[in-house]
Amino acid sequence: MEVAATTLLNALTLISILALVGLGLTISFGLMNVTNLAHGEFVAIGAFSVYYIQSLGGSFWLGLMVAPLAGAAAGFILEWLILRHLYDRPVGAILATWGISLILQQSLELIFGLGAKPVVPPVDGVSDLGLITYPTYRLILISIAATTLLAVLLLLRRTGFGLDIRTVIQNREMAEAVGINTRRAFAVAFAFGAAVAGLAGALVSPLATVLPQMGVNYLANSFFVVIVGGAGSITGLLAGSSFVGGFTSILNYQISPSLAQALVLTAAIVLVRLRPNGFVPVGSRFS
Amino acid sequence: MKKEITRRNVLKSAGALATMAGAGIGMPGILRAADTMKIGLSIPITGLQAILGETLLNCYRLAADELNAKNGIAGRQIELVVEDNQTTTKGAIDKARKLIGQDKVDVVMGTIISLERSATLSVTSRAKKLFFYPTNFEGGECSPYFVATGPIPMQQVDPMAPWITETLGKTVYIMGSDYAWPRKMTEAISASLEKNGGKVVGADFYPFGTQDFGPAFQRINGEKPDVVWSMVVGNDAVTQMKQYRSFEIQQPLIAPLDEVFNKDALPPGVAAGTYAPQPYWMSIDNPANKAFISGFRERFGQDKMVNGIGEGGYNGLHLYALAAEKAGSFEDDAVLAALPSVEFDAPQGLVRIEASNNHCVVNSFVGQAAQDGIGYDVAKAFGTIKPVTEYCKL
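Protein sequence lines, in the order shown, are assigned to chains E and D. Residues in the first sequence are numbered from 1 upward in steps of one, following our numbering. Residues in the second sequence are numbered from 1 upward in steps of one, following our numbering.
Quick caveat, the hints were computed from the structure, so don't treat them as lab data. Please note that the accuracy of each hint is not assured.
Straight-line Cα separation of at most 20 Å, EDC-like style, residue types lysine to aspartate or glutamate; simulated pairs [said to hold, decoys possible]: (1) Lys-224/D / Glu-109/E; (2) Lys-195/D / Asp-158/D; (3) Lys-224/D / Asp-128/E; (4) Lys-184/D / Glu-248/D; (5) Lys-90/D / Asp-158/D; (6) Lys-98/D / Asp-332/D; (7) Lys-304/D / Asp-285/D; (8) Lys-263/D / Asp-128/E; (9) Lys-263/D / Glu-298/D.
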């Protein structure tokens with residue numbers, strides 16, 4: 001029982017992070033058909049925001065609020081400067097975002113210097129959950145992630161803006177024909193995805209190593225999440241992150257972690273063969 | 001060249017600028033190529049080991065400056081050719097080829113983790129070029145042109161195992177990064193603990209870039225070992241240490257940390273109380289160490305820390321200088337022949353190279369991190385340990 005409970009919480013931590021990072025990817029991938037290789041850098045920008053605020057004497061929580069704004073600003077600028085010119089050239093966009101990713105990494109290194117940056121967690125210690133004890137900060141992380149994802153889900157399902165976005169994802173030409181400003185929808189949605197990635201970066205900063213290159217580690221896994229789950233849908237995103245995150249956490253405890261990682265990736269490849277459009281394809285009832 | 005240094009002249013050419021600036025601050029004129037010797041440095045300035053790379057580079061700079069301020073090496077000024085190997089195999093191979101083929105360096109030094117070293121060695125041993133490796137070395141590689149100034153597992157683990165079973169406990173759980181050094185160390189630890197009535201109850205190796213060590217801590221809570229020995233290195237060690245603390249694990253922790261890492265990469269206090277085996281600590285009390293630390297801080301900043309890897313590099317350069325001086329030559333074979341006969345009064349104590357395997361006779365200490373989580377107190381000193389290698393008989 002104890003093992004199961006800890007494994008579940010470990011899995012939820014990982015799933016939370018993957019889902020938050022994957023959200024922006026699923027938006028750019030599903031909505032704009034853009035493979036954004038600079039997405040990992042939004043995570044790094046979020047983490048560096050917390051480091052910077054803390055180094056000025058601010059609290060972690062202030063950093064956590066600044067991080068999504070920094071992410072959104074970076075996303076907005078990237079979309080406006082580069083991406084909007086490349087919507088008709090997906091391959092060009094891959095190359096451009098990869099270049100941007102390198103530029104952002106090097107810029108962070110130039111501004112903040114080499115090496116990892118220390119971030120102090122807002123709370124120390126563990127919480128007693130009755131059956132097991134678990135680090136308090138991880139419980140906070142899981143709750144913030146769950147709240148954010150729920151808010152995003154409501155935004156997409158219950159607001160006019162969400163309706164626009166879903167329309168554009170399902171059929172861009174038709175959306176334009178009925179008068180939706182797709183360019184504006186793209187810009188806002190992209191900045192929004194970057195903001196959530198920034199939030200993810202801020203949330204992992206007390207747990208992970210804060211480095212300009214840190215985003216790369218999240219990018220690959222998040223792409224798997226999006227492809228396995230089905231690009232462009234929130235339920236697909238949740239399904240994909242639960243698959244990758246849950247599987248990794250369970251296997252890591254049972255077998256060698258290096259082997260576990262290889263097995264998860266193999267399983268993902270097999271799944272993509274069996275369900276090329278992911279668990280929850282766009283346009284299905286649940287997307 | 002009696003012109004004054006004016007903006008116009010400065011803009012004329014960079015070459016002229018160098019000449020005049022050199023003469024201006026009283027340097028001994030321009031050195032002809034034959035008046036310098038070149039040391040090629042392959043340093044992980046970026047990538048996984050970026051945290052430690054900068055300190056290692058600065059330790060080489062310090063040693064070169066010290067020698068250049070006197071008489072260089074045998075009258076030749078040292079020119080350091082610095083390359084960033086990016087902590088990658090490809091980077092290390094490319095940079096070793098460049099240093100040897102293009103820069104024609106007299107000796108190659110540097111690299112931190114195994115993959116950088118193996119890659120560099122694959123180039124240097126074929127080129128019959130001397131290569132000095134400063135870092136804790138898992139052993140297993142042997143070449144007449146390869147000199148290791150860091151400790152091998154038997155120099156750290158063999159003296160430490162009885163100390164662990166007596167003071168910390170009998171059962172040990174190991175978690176490491178998934179590469180050669182932690183795996184070889186684990187073999188050595190298992191063998192050594194068993195001889196002393198202890199036991200390794202589990203060992204897990206995590207790929208580089210692991211974001212979540214939760215499952216390992218879950219294992220620790222399940223296995224309930226007396227001691228946890230971590231060999232998760234580089235940037236991943238930051239992740240691992242932060243998460244270790246958040247899980248509030250009570251067992252004593254042995255971790256491959258040092259003063260530089262604790263200060264620059266870890267949040268304050270995270271390393272407090274952890275143990276580490278090292279050949280060098282900043283707290284070692286002797287004149288050579290005091291001079292080393294003050295020289296380093298004068299040059300690179302009063303708040304800077306040094307560590308065992310940096311000291312290994314510093315010692316390597318000085319040992320090379322002594323040997324080349326004695327040989328009266330920079331030929332690889334001549335320096336090698338003289339190398340075992342020189343001794344260097346290093347910050348850790350007297351060190352020398354063992355002729356039978358080109359490994360270093362080093363000191364062995366267990367340090368315990370102080371409450372600030374940065375510096376270490378020497379918890380136990382084992383003295384100097386001779387490297388004994390089954391795999392290497394030169």
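Going through the hints against the structure:
{"no.": "1", "hint": "Lys-224/D / Glu-109/E", "verdict": "violated, 41 Å"}
{"no.": "2", "hint": "Lys-195/D / Asp-158/D", "verdict": "holds, 10 Å"}
{"no.": "3", "hint": "Lys-224/D / Asp-128/E", "verdict": "holds, 19 Å"}
{"no.": "4", "hint": "Lys-184/D / Glu-248/D", "verdict": "violated, 29 Å"}
{"no.": "5", "hint": "Lys-90/D / Asp-158/D", "verdict": "violated, 34 Å"}
{"no.": "6", "hint": "Lys-98/D / Asp-332/D", "verdict": "holds, 18 Å"}
{"no.": "7", "hint": "Lys-304/D / Asp-285/D", "verdict": "holds, 18 Å"}
{"no.": "8", "hint": "Lys-263/D / Asp-128/E", "verdict": "violated, 32 Å"}
{"no.": "9", "hint": "Lys-263/D / Glu-298/D", "verdict": "holds, 18 Å"}
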